Amino acid sequence: MKFITQSSIFIISFRLIIGGILVFASFDKIGSPDDFARDIANYHILPFGTENLFAIILPWLELTIGLGLIIGIFVNGAALLSMGLMGIFILAIGSAILRGYNIECGCGLKEGEMVGIGKIAENAVYFAFSWLVFKRGGRWFEILPKSG
Amino acid sequence: MKRIFAQNPLFQVLFFLIVSIVIGFGNNWLRDDSIPLLAEKLTIATTDDLLSDIAGESVLKAIDLEQARKFYFEDVVFVDARDLEYYEEGHIPGAWNSQDFMELSFRLDSHQGKDRSIVTYCDGDDCGSSEDLAYDLQGEGFMKIFVFVGGWSEWKEAGYFIE
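Chains X and E, in that order, give the protein sequences. Here the working numbering is used: the first residue of the first sequence is 7, the next is one more, and so on. Here the working numbering is used: the first residue of the second sequence is -2, the next is one more, and so on.
I should point out that these hints are in silico values taken from the structure, not numbers from a laboratory. None of the values given here were measured: they were computed from a predicted structure. Warning: the hint list may mix true and false statements.
Claimed, not checked - In silico lysine to aspartate or glutamate, EDC-like type, Cα no more than 20 Å apart, as pairs: (1) E:K58 to X:D40; (2) X:K116 to E:D45; (3) E:K67 to E:D80; (4) X:K116 to E:D133; (5) E:K58 to X:E128; (6) E:K38 to X:D41; (7) X:K116 to E:D80.
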């Protein structure tokens, strides 16, 4: 049985939504890696010092997989990585809430957004969209690889 | 063979990772405001940092409870970087609130110019807003900023005045 969410129009919409969000979220982080590094450090999850490495690489990962989803390059890999990123964001925000941290989420979508259940729900929706893209039944407007 | 390889999702994941790492490091290396690959902790202020009232160059250092107390009695401006609700529950007497950053920056500049010392603090060791605020103030051109690392928790536990 084929669900409506597996139709081409839905899959292409999901690709554009997640891709657009990832690309948009990366701009602020690429523009201010020092701010993003401090946002990461505030979560107190990574060993001290390593937040800079993540602040240097993560925004570019968001940008490249976002573009991959939009343009249609290596969509499976981009969807898998998107699921991984959303999963990590959910865990990080959840652990911050459990530890009582009232910190900026550092999501890059809106200035001053704080961690909260709403952000977890938002990332869960993006996770679901990415999963649907990964499990899609056909290839629509995909450039690479050339054949399915 | 090459085509099958490119269709493998794991190869695609690896592709995105490698491209991001290469561009990320390259971009960081080329840009003017690059950051070190590993973050460094704020260094503790020395006696020279504390004594000099007018800074020649930008200083952003950490201070401990004793140094914060010394500053407090020298009427240095303290800025509470916590949310307003926590500030209203209690703060270091005379500390300014930081809710509206541009207004804070303007008030500080009008009050004492950009060369005099400012102390920022938040809840304690685990919070980062005092350091964030300190960097933002440095970005606005304030020259001498000290982050009281122990913050509100340490100040209160020490039994000092609160408001």
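Structure-based check of each hint:
no., hint, verdict
1, E:K58 to X:D40, "holds (16 Å)"
2, X:K116 to E:D45, "violated (40 Å)"
3, E:K67 to E:D80, "violated (25 Å)"
4, X:K116 to E:D133, "holds (18 Å)"
5, E:K58 to X:E128, "violated (37 Å)"
6, E:K38 to X:D41, "holds (15 Å)"
7, X:K116 to E:D80, "holds (18 Å)"
Of the numbered hints given earlier, the model fails hints 2, 3 and 5; all others are met.
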